[in-house]
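If you read the protein sequences in the order shown, they are chains A, B and C. Remember, this note's numbering sits 16 above the position in the first sequence when you count from 1. Remember, this note's numbering sits 356 above the position in the second sequence when you count from 1. Remember, this note's numbering sits 1 above the position in the third sequence when you count from 1.
It should be emphasised that the hints constitute simulated quantities derived from the structure, not laboratory data. Take the hints with a grain of salt, since some may be wrong.
Unchecked claim - Incomplete in silico selection of chain B near chain A, CB under 10 angstroms:
no.: 1; residue: 442
no.: 2; residue: 535
no.: 3; residue: 536
As the list claims (entries may be wrong) - Within a straight-line C-alpha distance of at most 25 angstroms, the following computed DSS-like cross-link-like pairs (lysine-lysine) qualify:
no.: 4; chain 1: B; residue 1: 555; chain 2: C; residue 2: 49
no.: 5; chain 1: B; residue 1: 504; chain 2: C; residue 2: 51
no.: 6; chain 1: A; residue 1: 361; chain 2: C; residue 2: 51
no.: 7; chain 1: A; residue 1: 72; chain 2: A; residue 2: 250
no.: 8; chain 1: A; residue 1: 361; chain 2: C; residue 2: 65
no.: 9; chain 1: B; residue 1: 576; chain 2: C; residue 2: 4
no.: 10; chain 1: A; residue 1: 362; chain 2: C; residue 2: 443
no.: 11; chain 1: A; residue 1: 173; chain 2: C; residue 2: 446
no.: 12; chain 1: B; residue 1: 517; chain 2: C; residue 2: 4
no.: 13; chain 1: C; residue 1: 449; chain 2: B; residue 2: 504
no.: 14; chain 1: C; residue 1: 449; chain 2: A; residue 2: 173
no.: 15; chain 1: B; residue 1: 555; chain 2: C; residue 2: 112
no.: 16; chain 1: C; residue 1: 49; chain 2: B; residue 2: 557
no.: 17; chain 1: B; residue 1: 504; chain 2: C; residue 2: 443
no.: 18; chain 1: C; residue 1: 65; chain 2: A; residue 2: 330
no.: 19; chain 1: C; residue 1: 446; chain 2: B; residue 2: 569
no.: 20; chain 1: B; residue 1: 517; chain 2: C; residue 2: 51
no.: 21; chain 1: C; residue 1: 443; chain 2: A; residue 2: 173
no.: 22; chain 1: A; residue 1: 361; chain 2: C; residue 2: 46
no.: 23; chain 1: C; residue 1: 176; chain 2: A; residue 2: 362
no.: 24; chain 1: C; residue 1: 446; chain 2: A; residue 2: 330
no.: 25; chain 1: A; residue 1: 361; chain 2: C; residue 2: 49
no.: 26; chain 1: B; residue 1: 548; chain 2: B; residue 2: 432
no.: 27; chain 1: B; residue 1: 557; chain 2: C; residue 2: 51
no.: 28; chain 1: B; residue 1: 517; chain 2: C; residue 2: 46
Just so it is clear, CB atoms sit at the ideal spot from N, CA and C, and this is done for glycine as well.
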Amino acid sequence: MNTLFILSIQPGLLLLSGLIIIAILAWILWPQKGGLARFSRMKARSQRELLEDSLKYMFDCEYRKAPCDMHSIAGNLDISVDRASLLLEHLFSKELITLDDQAVSLSDTGRSYALRVIRVHRIWERYFADETSIDQADWHNEACRIEHNVTMEDTEKLAAQMGHPVFDPHGDPIPTAEGTLPEPTGVTLNHLKEGQLGRVTHMEDEPKSIYEQLVVLGLYPGMQIYITDVAENKISFVADGDECSLTPLFAAHITVELVSAKEPVVSKNELLSSLQVGEEAEVVAISPNCRGQQRRRLMDMGIVPGSLVSAVIKSASGDPVGYRVLGTTVGIRSREADLIFINRKK
Amino acid sequence: MNTPTNCESCAMHNKANLVKLGINLDEVDYVIAMAGNPNTGKSTVFNNLTGLRQHTGNWPGKTVTRAEGGFVFNDKRYKMVDLPGTYSLLSTSTDEEVARNFILFGQPDVTVIVVDATRLERNLNLVLQILEITDRAVLCLNLMDEAKRNNLEIDVRVLSKELGIPVIPASARRRQGMTELLQAVEEVATGKYVCRPHKIKGRSAKLNNAISKLENSLAKQFPNLTNTKWVALRLLEGDDSIIEAVRTGDLGSISAGESGIQA
Amino acid sequence: MDKTTHHNREEILTAANTARWELGLDFHDTVIESIYSDASQIARKTVKLKGDKEAYATDITIDKIVTSRWLGFPLMFLLLALVFWLTIAGANYPSGLLSSVLIDYLHPLLKQAATFIHMPWWMSGILIDGAYMAAAWVIAVMLPPMAIFFPLFTLLEDLGYLPRVAFNMDNLFRKAGAHGKQALTMSMGFGCNAAGVVAARVIDSPRERLIAIITNNFSLCNGRWPTQILIATIFIGSMASPQLAGVVSAGAVVGIAVLGIFFSLVVSWGLSKTVLRGEASAFTLELPPYRPPRIWQTLYTSLIDRTIFVLWRAIIFAVPAGIVIWLVANVHIGDLSLAEYFINWSDPFALFFGLNGVILLAYIIAIPANEIVIPTILMLTVLSSKMAGVGGGSGVMFELDSTADIAGVLQTGGWTLLTGLNLMLFSLLHNPCSTTIYTIYKETKSLKWTMVSTFLPIVLGFVICFFTTQLWQFFGW
């Protein structure tokens, strides 16, 4: 009759123990910050992870035609030089790399292994960007976490579902299942001259600290950039109508393709959210930051460049606003209306 | 044809010909697919023709599962497949995949596209996409009563000429235009009316270039394929079912012109 | 030969892939834009606006009124209150009629027939007292309110008013990480949670749909209103003076319903911040034109599609449950029936939460429909406290004509104001009925989310009841 014994305890004590139990459970199970989540993250990187990460890094060097040796590998993987040398020995014994003096290069097997890992990585990044609401700054990390643990089949299934994407959300091409990848194109932003117009095709997501800064500045692949001034330690440009400047170090992390000047220079665009009830405007573009299902739905509703929208009603609680487009009233939340560029009609 | 067509009284006489079959669909002469945007009264048209009673609400996206029904018209037995209502056929969502794949692989004899006359422009987005896939379609211009009430006038003849398919004005809620619709379906199914569907213009040179390159190799590999342009475009969109059909060669069998009936 | 064709086919795919790299990032958008540009050209040639009045001017005027700052919400509450009032008030009489026919008249008749053909007592017990009675209860209590609620709701839907409700309410739901259309699945849930779960189909973003499905159970459904009203009348209304009793108990019931809405929002928020954090979300809300509803069509389809559909599922689950109810009350081990064993065993545990063994058992075996919870509780109370002369014998669910009689039975069973309060809370916060659980599974096709939807409310219920009870005792009320 243990339960009866408990019943005879003071209700105050019971109340307290109930609260404590809930607090402990919350501490353990809380997502992201809870003990359980921390524990699973603390588990050391396995040998397989190191191996795959090093192959990926070596491929990246090869692709960008940068030199690669034991020290840069150790630095990139954040391991000691001793450990890196052990790792290289292991790779060599598996015939994944060839060693030539100081330089390390991939063997054909090694290259195709690396391409497989990169394919998995970029497909998952695409998935996080389009089909989930994971933060932009976390796509890369999540993909890094997942790339060593998923099977190729699962990834191929995912790719098929998403319509076999060929670019990751940073603008990088995704290698095919057979392991082909196009030659790199474009130049890094620090090579552009004053008055040139370019479109961002790639933003390097490593190191994370720099990438996060670029994201905070509101830069994204697909964005048009107009260079206004190039100084020794500062590159100034206009992006989506906003003045922006970067140090050459940061600018080197952005790849752009040059756009012929015939295309309209991006001027400061107004946002749909600024349209007042009774006003009319023409849609200029949907921000590339609006992705996946949300973007598709907006386009389904007729929000495409060139279509006319007018704000007609406002919800009793202020948000969303009802916009008339192609003969229908569509409710759009201000958060989404912030991602639609317009040209106000007078 | 024993029954005279193109007369004013046909609607009355033909009502008797329209025997509702319910869902007895073992042997049919023609398969009809029904596509359209959500909330265009597609289900109402479907119910009118088949005698089934799917719920129709004034709310986009009511029909989620694919419904099938049948009817007999002028001694011919028709099976009707109500596809999920979609705004487009270009994305990877399940609804759009079901609709897209049925129109391509299911090879319906006729595709009836139900559109909302009051929101024609937006609905045309889907219509033009369907006309890229199939050559045999009929447009049911539904909710004409509502369009009239709202002072909208639609030039049916010009619309039919522009799209290259029969256009039938209807008000399914009042059961108006149903017989004319069936007549048009019959004419397209029997080949009396030959559609010349509108094809999309105004694509960029870069895209057209890529499409025509693929079209050439597709035409070599699948000589009977009629809608190579669309298939090429789908390959560029990375459509998995089309990629698989090219890989396995199944694309060749659907283009042979057989009106295979697929469940 | 075969090898070369295969090779050629693969080559097409490779060429397509290379072309895609060359076409770049925004290729898909340009495809859509070219279609729209053709569409608008055709539309310009064919569509003309007659007269000088703008199309849908009336619709927009109505929209301006129903979404206006001052009138929007009052209009909405008025309409919804009207629907609920019509449902509760209108269902009273037909429910009584059905119950007198199916239970008071037909049940004894069937029993007589069974005796006449010398059916063994256990068989007539299982079939008539168990299976038949459960089905009869479900029909009598469930059918009339649903047959009123669903057509009314469907009328509002066909008219086009409901999307405007979603439009007005969206701000609140956005803050909870949910979709405005959840306001509708929630209101639908006040009629029936299973129908509310099905209604979540109109939300096309998977994350928001899941949130709407999981939290739908917090809408106090038709099956639970009578329990709430009865218990509130007995335990809470009786504390006030007789003139105010009605108002006080009605207030308590509304309070529970509002608490349900509160939990619905809080749990939505919690889910969207935790387990459903990573799921994609999208918001679009089309406001369709107003259309005059077709009354008969609506009546027909809402009866067939919703009422009969839900009722049928409920009966399917009620019949086996009826058999189980009869069996637990009649199968004896030694002196005690299974029910009494369970009640005695679980009582100490249940008292912990301010409930009792009878309530726990009733909620376990009455899982098919909340409607049969009260009759089961009454039967079990009489059984376990060995009252004589009340009800129809062990295993036969019953209800008494006067509230006072029910109060008498419950008080003999040891119920206090705290038990009543906890029952009201537990009735709001417990697992969905089996019909709803099954529907959730059908809609989500996921065992995981079905389990979450089932156990989340019941855990929450135990937690809330625990703290209510302990606080109550702590302050020595």
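Hints versus structure:
1. 442: Holds, because the Cβ-Cβ distance from residue 442 of chain B to chain A comes to roughly 8 angstroms (cut-off 10 angstroms).
2. 535: This interface hint is violated because 28 angstroms lies over the 10 angstroms limit.
3. 536: Hint on residue 536 of chain B: violated, closest Cβ of chain A at ~25 angstroms, above 10 angstroms.
4. B:555 with C:49: Holds. Residue 555 of chain B to residue 49 of chain C sits at ~24 angstroms (cutoff 25 angstroms).
5. B:504 with C:51: holds, 9 angstroms
6. A:361 with C:51: The hint holds at about 24 angstroms.
7. A:72 with A:250: Cα-Cα ~32 angstroms, so violated.
8. A:361 with C:65: holds, 22 angstroms
9. B:576 with C:4: With Cα atoms ~16 angstroms apart, residue 576 of chain B and residue 4 of chain C stay inside 25 angstroms; holds.
10. A:362 with C:443: Measuring from Cα to Cα gives roughly 52 angstroms; hence the hint is violated.
11. A:173 with C:446: holds, 19 angstroms
12. B:517 with C:4: Since the Cα atoms of residue 517 of chain B and residue 4 of chain C sit roughly 46 angstroms apart, the hinted pair is violated (cutoff 25 angstroms).
13. C:449 with B:504: violated, 50 angstroms
14. C:449 with A:173: holds, 21 angstroms
15. B:555 with C:112: violated, 74 angstroms
16. C:49 with B:557: holds, 23 angstroms
17. B:504 with C:443: Roughly 42 angstroms separates the two Cα atoms, so the pair is violated.
18. C:65 with A:330: Holds, at roughly 8 angstroms.
19. C:446 with B:569: Violated, because 43 angstroms separates the two Cα atoms, which is more than 25 angstroms.
20. B:517 with C:51: Answer holds: residue 517 of chain B to residue 51 of chain C is near 22 angstroms, not above 25 angstroms.
21. C:443 with A:173: Between residue 443 of chain C and residue 173 of chain A the Cα gap is close to 24 angstroms, so the pair holds against 25 angstroms.
22. A:361 with C:46: holds, 23 angstroms
23. C:176 with A:362: Violated - the C-alpha atoms of residue 362 of chain A and residue 176 of chain C are around 34 angstroms apart, more than 25 angstroms.
24. C:446 with A:330: violated, 37 angstroms
25. A:361 with C:49: Given pair residue 361 of chain A, residue 49 of chain C holds - Cα atoms ~22 angstroms apart, limit 25 angstroms.
26. B:548 with B:432: Roughly 15 angstroms between the alpha carbons, so the hint for residue 548 of chain B and residue 432 of chain B holds.
27. B:557 with C:51: violated, 30 angstroms
28. B:517 with C:46: holds, 11 angstroms
The structure fails hints 2, 3, 7, 10, 12, 13, 15, 17, 19, 23, 24 and 27 (numbered hints given earlier, in ascending order).
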